[in-house]
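With the hints as a guide, dock the two chains, each given alone in a separate frame, to form the complex.
As you go down the protein sequences, you meet chains A and B in turn. Using the working numbering, read the first sequence as starting at 27 and increasing by one per residue. Using the working numbering, read the second sequence as starting at 1084 and increasing by one per residue.
Hint data in this document are derived by calculation from the structure and do not stem from the laboratory. Small disclaimer: the values here were computed from a predicted structure and weren't measured. Yeah, the Cβ is synthetic: ideal placement off N, Cα and C, and Gly gets one too. One or more of the hints may lead you astray.
[As the list claims (entries may be wrong)] FRET-style restraints, in silico, Cβ to Cβ:
no.: 1; chain 1: B; residue 1: Ile1300; chain 2: A; residue 2: Arg46; range: 27 to 35 angstroms
no.: 2; chain 1: A; residue 1: Gln88; chain 2: B; residue 2: Arg1382; range: 37 to 45 angstroms
no.: 3; chain 1: A; residue 1: Arg46; chain 2: B; residue 2: Leu1293; range: 24 to 32 angstroms
no.: 4; chain 1: A; residue 1: Arg85; chain 2: B; residue 2: Phe1187; range: 50 to 58 angstroms
no.: 5; chain 1: B; residue 1: Leu1293; chain 2: A; residue 2: Pro82; range: 17 to 25 angstroms
no.: 6; chain 1: B; residue 1: Lys1189; chain 2: A; residue 2: Asp95; range: 56 to 64 angstroms
[Unchecked claim] If you want the ones that stay clear, here's a sample from chain A, every Cβ over 12 angstroms from chain B, calculated:
no.: 7; residue: Asn56
no.: 8; residue: Lys57
no.: 9; residue: Gly87
no.: 10; residue: Lys201
If you want the building blocks of each chain, they are given just below.
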Amino acid sequence: MAAESLLKVQAVETYYGNIRALAGVDVEVNKGEIVSLIGANGAGKSTLMMTICGSPQARSGQVIFDGEDITRLPTHLIARRRIAQSPEGRRIFPRMTVYENLQMGAGLDNLKYFNEDVEKIFTLFPRLKERQTQRGGTLSGGEQQMLSIGRALMARPKLLLLDEPSLGLAPLIVKGIFEAIKKLNQEEGLTVFLVEQNAFAALKLSDRAYVMVNGKVTMSGSGKELLANPEVRAAYLEGGRH
Amino acid sequence: MAASTETGHPNVLGKAVREGVFAGVVAFLMFLLFVGIETYQDINNALVWRTRWGLLAIFVLVAAVSRFLSVGFIKPHIDRRKLAKAKSGVLEISEQKSFFHRHFLKIALVFLLVYPFLSLLIVGKQGSLKYVDNFGIQILIYVMLAWGLNIVVGLAGLLDLGYVAFYAVGAYSYALLSSYFGFSFWLLLPMSGILAALWGIILGFPVLRLRGDYLAIVTLAFGEIIRLVLINWTDVTKGTFGISGIAKASFFGIWSFDTGSANSFVKAWGLSASSVYYKIFLFYVILALCMLTAYVTIRLRRMPIGRAWEALREDEIACRSLGINTVTTKLTAFATGAMFGGFAGSFFATRQGFVSPESFVFLESAVILAIVVLGGMGSLTGIAIAAVVMVGGTEVLREMSFLKVVFGPDFTPELYRMLLFGLAMIIVMLFKPRGFVGSREPTAFLKERRAVSGSFTKEGHG
Ligand SMILES: Nc1ncnc2c1ncn2[C@@H]1O[C@H](COP(=O)(O)OP(=O)(O)OP(=O)(O)O)[C@@H](O)[C@H]1O
Ligand SMILES: [Mg+2]
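Isolated chain B, as found in the complex (with noise of 0.2 angstroms):
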């Protein structure tokens, strides 16, 4: 109907006040108590409760109005565009990419390498202790994680829940050989990646013969037991307290960065002392980690075992009659991840100078499996993606202090992260239910790469 301009049809715009309201009230619903009501202890010890009801209402318009707008504006919006776009007769896939589109991993990868420095350049020394550090190495360690996740999960199709054990051990092998044999670094990391496949192998043998739930159950066992032994275990690991004061990684063993010693960096290279250099050598550790996972990821794709994982992924039936032996395929699988996991974990203990099991819970483990999910299961490029928004974004939500205006100054961002988190990945798999970058790239090819018709290599959605 010629009627149904951009301000909507008088029908849609009945839906979406219905809508709107509709979802004010599940969110009153929702929120009534976790919002609505705050418990606290008063001067004498006694738990008591008050109400909260400013900051519930402005959850609840929030919920209303944001489903008003989606479904009175934006989603006819959408449609407009998809059924115009559908009339001109350009299909989606032919389509011209931009050349950002088209160079997207060589800028990201070129972006990546002058970072500190840009970092360094416009907000100072001082500044870019939060860039590089919070945002750059804790980006990427993430990376690196869903990346050696993404084999066990990605590839292989054995769903793991208990990823972060991997992490856990490598992160503890440093910190405990180092600090009882004093190892360094450079040592410890290839041995903490090579402990951590061993407990893939560990964890690979009794998993055998499960699938899907049953398999994701036990691993998040084995995730489980790992962090409870670490807490009970207290003669070795100190348990809650974690272990602290843990060796810096050195610049190859030619430099140290601790402040104090004969032959530090700073001293060698005649700087003013700062953390900052420590941070930016520790990115670039951190960035060569992620670029050998990706390597090695994209090198084994292409090798009888990378295939045999992915068969292994789509049909354990077809695998085995065609020869592969199953069983030393996902331990195979396991250990690869669990080694990443492993490497990451040092990497990680050296950074922080401290390890505890608090660093180790199953939500770790749920956040990198979220990120693998979201990126779309098997693609680098879009896990990349994912942790850069997913972890990135929980970062800047610790700047926004311009929430503050809308919920109130007591308003604390950071402790709706999770929430925030969980909204994401739903508005995500909305728009994109197989994750950023949701269609696998094929790894062989007659004689040369064919221009290949997009409309075939890429998957049906369905």
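This is chain A alone, in the form it adopts within the complex (with noise of 0.2 angstroms):
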């Protein structure tokens, strides 16, 4: 494959007032990858996924998507660019309905192919369209997950950021999830960065992954690599049910 540069972090350096939360982390993503970032509780991984998004912004260094510089963009403009984001917490509309929050997820440029992507969404997760009527925030945690998930897609992203897409949820949910991105991945070519816990799942997806620790990245390489790596398993996978 040749590795076309999707998503560019460099030496990004993200502050919460006067807490440096990353100390210029360097991060590439290229088209049609399945990366993955892992780290412990507090190193940074989703102020790396929100800089991205452009809230907060970094301080310094610079993230470049698809050749353009968008570390001052405000971030709408962001999403515009077909960055979306399944975002910690899941974050979908608790009072909307299911159909609503896909309609949400669709934005202003995407509705002409509304109707052809909902069904999308629904036979990716069947779930949802048994559900869609209900309510967001009456809804399970694993389906919340899938409507979070979901509600990303309908942007017709180039970029799918998922933040800890298995928090919380039963290994045959978890499974279910990791497959469909692995199946966006392969059949529409989509990329994926995603944080993640469950770092033996996330290494075994994912074409490369990077470590972080305290705001910094302190390892990369091929999934395959950092599942062999004695470091690795000591700190994310022993102890784990793996």
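As structure tokens, this is what we get:
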């Protein structure tokens, strides 16, 4: 695969007030790849995801997307460059129905594909089809996660950012969601950048992966390499159920 | 236990007595100074006080007895009914709705359309003045204001405590521009709306980053600023004296409602002179304005901007990451809400013929907001019902001379307006915590509207 870069994060530093959450991060995601990011709690993974979306903005460094510097763009314009995120904690609209949530995801530019896209989401997650008239807030955790991913996909993203898609879900549902991600990647060539606590599953799924510690990337490599790496095993895999 | 029948269990009765006494004590302490003691000025203009133990006793008794009845009889009765319902296995949601329920909106609209004539028929011209003006127009003004505020608070979730400012802008725009330049109502109505919308944007800019309590405080201050400007800019606004002699609205420029005028409405139609025709005309004007507000709200809710408002209320971060420009979304919400406030304001000015800063105090904002909250934040029907209950209720209060029998001949029910308003709010919120119509109607469906089981679309009560 000719590695054509889609997202390039260069020496990015992000602060919350005086607290430095990202201390010079370099990450690259190529077109058609699944790349995952693992790390302990508070390492700055979610911060990196949000920084890519411009909220908060990086204080220094650059975020390049598809050849364009998006570091200083406001969030809604970044989203319109077709970076979609299923953020940490899902953040679906609780009082809106499943169907309306998906409609929100489509935004303005994609309304013409709306019916087609909704059908696609419903084949990917048949549970959502059954529940389309239910309020988002009354869905189960797993269904909400499907909705959050589905809503992000409605934007027809070039890059899909997933922040802990497996959080709080039963193993079987996690498997289902990971299979869905894989399928999207293989069949439609969707580029995915995901954060996961479930390191084993994430590394198995990914082409490449990064390990983050205290706001810095400390290791990177192919999924297989990191799976075999003794340090990674000790820190993120041992003691797990694998 | 089988013994616990209608009269109540001895335990329940004992509890009711205890609760009743407790409520009495609380009421006594609360009203001791407010009701038990009255200050007044004697002939020498000195402030002196006298006691009103009788009135205080009545207040305490009413509190104690109602608490006793509610704990001892009403609550057990409601619980029994709920239990029976649950046992019979009929889900509340799947219950067949009555004809009235299903066609409520159509019935209400038809009623409103014939209302002035109905009142003419039943109570005649002189009596109609009260029913068309005090009840009809007054309530509809609040319906319109509440529907306008609903766009800001109910849909976009931006807590605005200074909404009356836009009402004031609309009213003064009409009052000033018509008395200084002689423009007509039909020209100034849209202009007042636009001016109010501009003020909405002006307020919107500085508060863009604020939410919740902070936003509430700033909007509250904004409302006060506008009022203080109106009071102190005496050269233009005549300060607390207000502006009087504001021109009446004409019948779309065709006929005038001024009695002396050449093409007066009553003359053209060969009617006997009475101000009731003007009131009826105004009734239809405000009804049309209300319908316009409702129509725009319903249409906008189905459009991207309306959906963005609702999404903004739910989750601002998610909104932004979906490509919604939250800045313009908030500003349009403020502007649209303010515009309807402006319309209502200019209507108010032409109806009263007089405006002064007195009409635009914080209490007005609070009442409008209370109507929106009671109605269920976002539901047009609920808000309209709330307006009828709250505004109509206070008007009815004036009529309640029988209260004098309970509270003594000196009792003036209007003075207790706010007390009863508060009481009514507490009661509604106890029984209907999400307002009269508490669930949000979805705006989008796949293909056609399916018959959706209510258990899905209703929100859980949590
Ligand atoms: N809004 C905020 N204000 C201040 N500090 C923040 C904010 N959000 C995150 N932080 C801090 O930044 C650091 C990185 O947080 P981040 O959420 O990126 O961690 P994470 O790697 O996603 O952790 P987890 O695996 O627990 O989700 C933490 O120390 C956190 O306390
Ligand atoms: Mg995180």
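Against the structure, the hints come out as follows:
no., hint, in the structure
1, Ile1300(B) - Arg46(A): 27 to 35 angstroms, "33 angstroms, holds"
2, Gln88(A) - Arg1382(B): 37 to 45 angstroms, "43 angstroms, holds"
3, Arg46(A) - Leu1293(B): 24 to 32 angstroms, "27 angstroms, holds"
4, Arg85(A) - Phe1187(B): 50 to 58 angstroms, "57 angstroms, holds"
5, Leu1293(B) - Pro82(A): 17 to 25 angstroms, "18 angstroms, holds"
6, Lys1189(B) - Asp95(A): 56 to 64 angstroms, "58 angstroms, holds"
7, Asn56, "23 angstroms, holds"
8, Lys57, "21 angstroms, holds"
9, Gly87, "20 angstroms, holds"
10, Lys201, "26 angstroms, holds"
Going down the numbered hints, you'll see the structure goes against none, and every one checks out.
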